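**Student:** Listed below, chain by chain, are the residues.
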Amino acid sequence: MLAIEASDLVKSFGSTRAVDGVNLAVRSGAVYGMLGPNGAGKTTTIRMLATLLRPDGGTARVLGHDIVTEADAVRGLVSLTGQLASVDEDLTGRENLVMVGRLLGYSRGQARMRASELLEAFGLGDAAGRLVKNYSGGMRRRLDIAASIVVTPELMFLDEPTTGLDPRSRNQVWDIIRTLAGQGTTVLLCTQYLDEADQLADGIAVIDHGKVIAEGTPGQLKASVGRGTLHVRLLDPEQRPDAERVLAQALNAGVHLEADPAALSAACPPEPEPAAEAVAELSRSGIAIAGFSLGQPSLDEVFLALTGRPAEEDQAAEGEEIAA
Amino acid sequence: MSAIPTTVAGSEPLADQVLGAALSSTARPTRPGAVAACLTFGWRGMLKIKHIPEQLIDVTLTPVLFLLMFTYLFGGAIAGSTGEYLHFILPGILVMSVLFTTVYSGVTLNTDLTRGVVDRFRSLPIWRPAPLVGAVLGDSVRYLIGATVVVALGLALGFRPGSWIGVPAAMLLVVLFSFSLAWVFTTVGLLMRAPNAVMNAGFMALFPITFLSNVFVQPDTLPSWLKAFVDVNPISHLVTASRGLMDGTIHLGDIGIVLGTAAALTAVFAPLTTHLYRTRA
Numbered sequence: 000m001l002a003i004e005a006s007d008l009v010k011s012f013g014s015t016r017a018v019d020g021v022n023l024a025v026r027s028g029a030v031y032g033m034l035g036p037n038g039a040g041k042t043t044t045i046r047m048l049a050t051l052l053r054p055d056g057g058t059a060r061v062l063g064h065d066i067v068t069e070a071d072a073v074r075g076l077v078s079l080t081g082q083l084a085s086v087d088e089d090l091t092g093r094e095n096l097v098m099v100g101r102l103l104g105y106s107r108g109q110a111r112m113r114a115s116e117l118l119e120a121f122g123l124g125d126a127a128g129r130l131v132k133n134y135s136g137g138m139r140r141r142l143d144i145a146a147s148i149v150v151t152p153e154l155m156f157l158d159e160p161t162t163g164l165d166p167r168s169r170n171q172v173w174d175i176i177r178t179l180a181g182q183g184t185t186v187l188l189c190t191q192y193l194d195e196a197d198q199l200a201d202g203i204a205v206i207d208h209g210k211v212i213a214e215g216t217p218g219q220l221k222a223s224v225g226r227g228t229l230h231v232r233l234l235d236p237e238q239r240p241d242a243e244r245v246l247a248q249a250l251n252a253g254v255h256l257e258a259d260p261a262a263l264s265a266a267c268p269p270e271p272e273p274a275a276e277a278v279a280e281l282s283r284s285g286i287a288i289a290g291f292s293l294g295q296p297s298l299d300e301v302f303l304a305l306t307g308r309p310a311e312e313d314q315a316a317e318g319e320e321i322a323a
Numbered sequence: 000m001s002a003i004p005t006t007v008a009g010s011e012p013l014a015d016q017v018l019g020a021a022l023s024s025t026a027r028p029t030r031p032g033a034v035a036a037c038l039t040f041g042w043r044g045m046l047k048i049k050h051i052p053e054q055l056i057d058v059t060l061t062p063v064l065f066l067l068m069f070t071y072l073f074g075g076a077i078a079g080s081t082g083e084y085l086h087f088i089l090p091g092i093l094v095m096s097v098l099f100t101t102v103y104s105g106v107t108l109n110t111d112l113t114r115g116v117v118d119r120f121r122s123l124p125i126w127r128p129a130p131l132v133g134a135v136l137g138d139s140v141r142y143l144i145g146a147t148v149v150v151a152l153g154l155a156l157g158f159r160p161g162s163w164i165g166v167p168a169a170m171l172l173v174v175l176f177s178f179s180l181a182w183v184f185t186t187v188g189l190l191m192r193a194p195n196a197v198m199n200a201g202f203m204a205l206f207p208i209t210f211l212s213n214v215f216v217q218p219d220t221l222p223s224w225l226k227a228f229v230d231v232n233p234i235s236h237l238v239t240a241s242r243g244l245m246d247g248t249i250h251l252g253d254i255g256i257v258l259g260t261a262a263a264l265t266a267v268f269a270p271l272t273t274h275l276y277r278t279r280a
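Residue numbers (numbering that gives the first Met the number 0), protein chains in the order written: chain A, 0 to 323; chain B, 0 to 280.
Residues from chain B shown here face chain A by an in silico Cβ test under 7 Å; the list is partial:
#: 1; residue: 22
#: 2; residue: 28
#: 3; residue: 30
#: 4; residue: 31
#: 5; residue: 47
#: 6; residue: 115
#: 7; residue: 119
#: 8; residue: 123
#: 9; residue: 124
List of simulated lysine to aspartate or glutamate pairs, EDC-like, C-alpha gap at most 20 Å:
#: 10; chain 1: B; residue 1: 47; chain 2: B; residue 2: 111
#: 11; chain 1: B; residue 1: 47; chain 2: B; residue 2: 57
#: 12; chain 1: B; residue 1: 49; chain 2: A; residue 2: 88
#: 13; chain 1: A; residue 1: 210; chain 2: A; residue 2: 4
#: 14; chain 1: B; residue 1: 47; chain 2: A; residue 2: 88
#: 15; chain 1: A; residue 1: 132; chain 2: A; residue 2: 88
#: 16; chain 1: A; residue 1: 210; chain 2: A; residue 2: 7
#: 17; chain 1: A; residue 1: 210; chain 2: A; residue 2: 55
#: 18; chain 1: B; residue 1: 49; chain 2: B; residue 2: 111
#: 19; chain 1: A; residue 1: 210; chain 2: A; residue 2: 19
#: 20; chain 1: A; residue 1: 132; chain 2: B; residue 2: 111
#: 21; chain 1: A; residue 1: 132; chain 2: B; residue 2: 53
Because the hints were derived from the structure by calculation, they are not lab data. These figures come from a predicted structure and were not determined experimentally. Note that CB positions come from ideal geometry on N, CA and C, so glycine has one too.
Chain A extracted, bound-state conformation:
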């Protein structure tokens, strides 16, 4: 069964076609990623699906309900965590959750209990009585997600949930999303990071200029890019010319010398084996390695592979989306 079925969704702001015929089919229970640069139309698409914006054209059904004619039924089943944290900065964390609980129909006592439970689970117990305006970005984001699951939604829209977060907060948010998905909630996740989509999503749609330009599993997308990056750091910078030669030979690719005099990187196939072989070859040649890592293709590289040009931020469309 499909949780989201969108066909040919269109939305314009003035002369900008922010969403230009988006088609989506998201299976119930899946975590589905929408990947694209700023201004690609991700936020506008999510806002239409969450019934906050009325599409100019096309149709969509969310959990079997039409987003225009049965908007109220959709609202009863989904929740949204937007790009701006949808929490009230002038209230405390606890008050925010109690308010949402009351608005969903809990009694005062039930709403308080649910708020305490969520605050503890999200590591906000100690900050429960503080005003949200004094929260850090990560705390605000967690509170925002907590507010979205006061009643577990059947479908959750997450619009760039980790943008601007430090790595630890980002991991916490990822944990929450995984747990949520593990309990059967369908998740539609907008992100600019292939890494994030790779960590969480079962399927990804790549969006550019308001259109879906590619679709598939994270593995398929990475394969379509056809390359990753091997980063190597040497113990002795003196050996870098030797290392450059060995890597170029082993991977049959151009080697990039980093600004750090002990570091270099090379394009490599997406599978780990050739990279592992290249690292082994370095050791065999007597080159001492301080560390190495295998980087995934970036959004830029995906875009380069798909469109022949890097992901560019569409400033005009971005402005429209924020204004919207």
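Could you slot chain B onto chain A? The hints should help.
**Tutor:** Only chain B this time, still in chain A's reference frame:
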């Protein structure tokens, strides 16, 4: 209080089991009715008064200044004695100070819009106008506080009403009218880009409208064209009605005009606000 949040709550890892338990399916409660939803938003308004008491300073300080300045500066010149003039302007100052507070309803709404919290409200399955009706209801409490300050100060300065029961009646009438006027400013709040712009537009409109009434002077002394305007100004009727109630005379005609204007403002601007709130963005 320390403002370094990460050291307090962020540092503990999320325990997977606790998280799992908190996320495990909770029964969906039945949707709240329209009234319950409005009351929750009213509660939100109360919490804001509690957390940002500075906002109340505007509401209380301005009328205090007006009352003191006008009574002692102009009292002798206009009415012969400060006591006489206090008796004359107290109901007017009550009206003026509470009406000015209504601008804040628009400012608050505009502030909400510039943040993400409106998205939360709009994506909840609640009666659509509830966030607005609740906010304006919550603001009414603010109006009541402003009204109480003016009356209390008036009494302290020597104001003696002709009818004690008329005082709360007049306050109620003023708050009721303010409730309807607030809808005008919520509409403005949804049309303007920034909270400051709402504030400026509101005060620019309210200053002439309140001063060109019978708040400060008897209209008999005015040139006829100005008197004509003052006579039809609904604020003049509100002031006359309030004065009457406090003196122990009920001017039914003025009260009727006030209630009629309030109903008309609400009928036009409440739906307009709701429509804009739903479609803007």
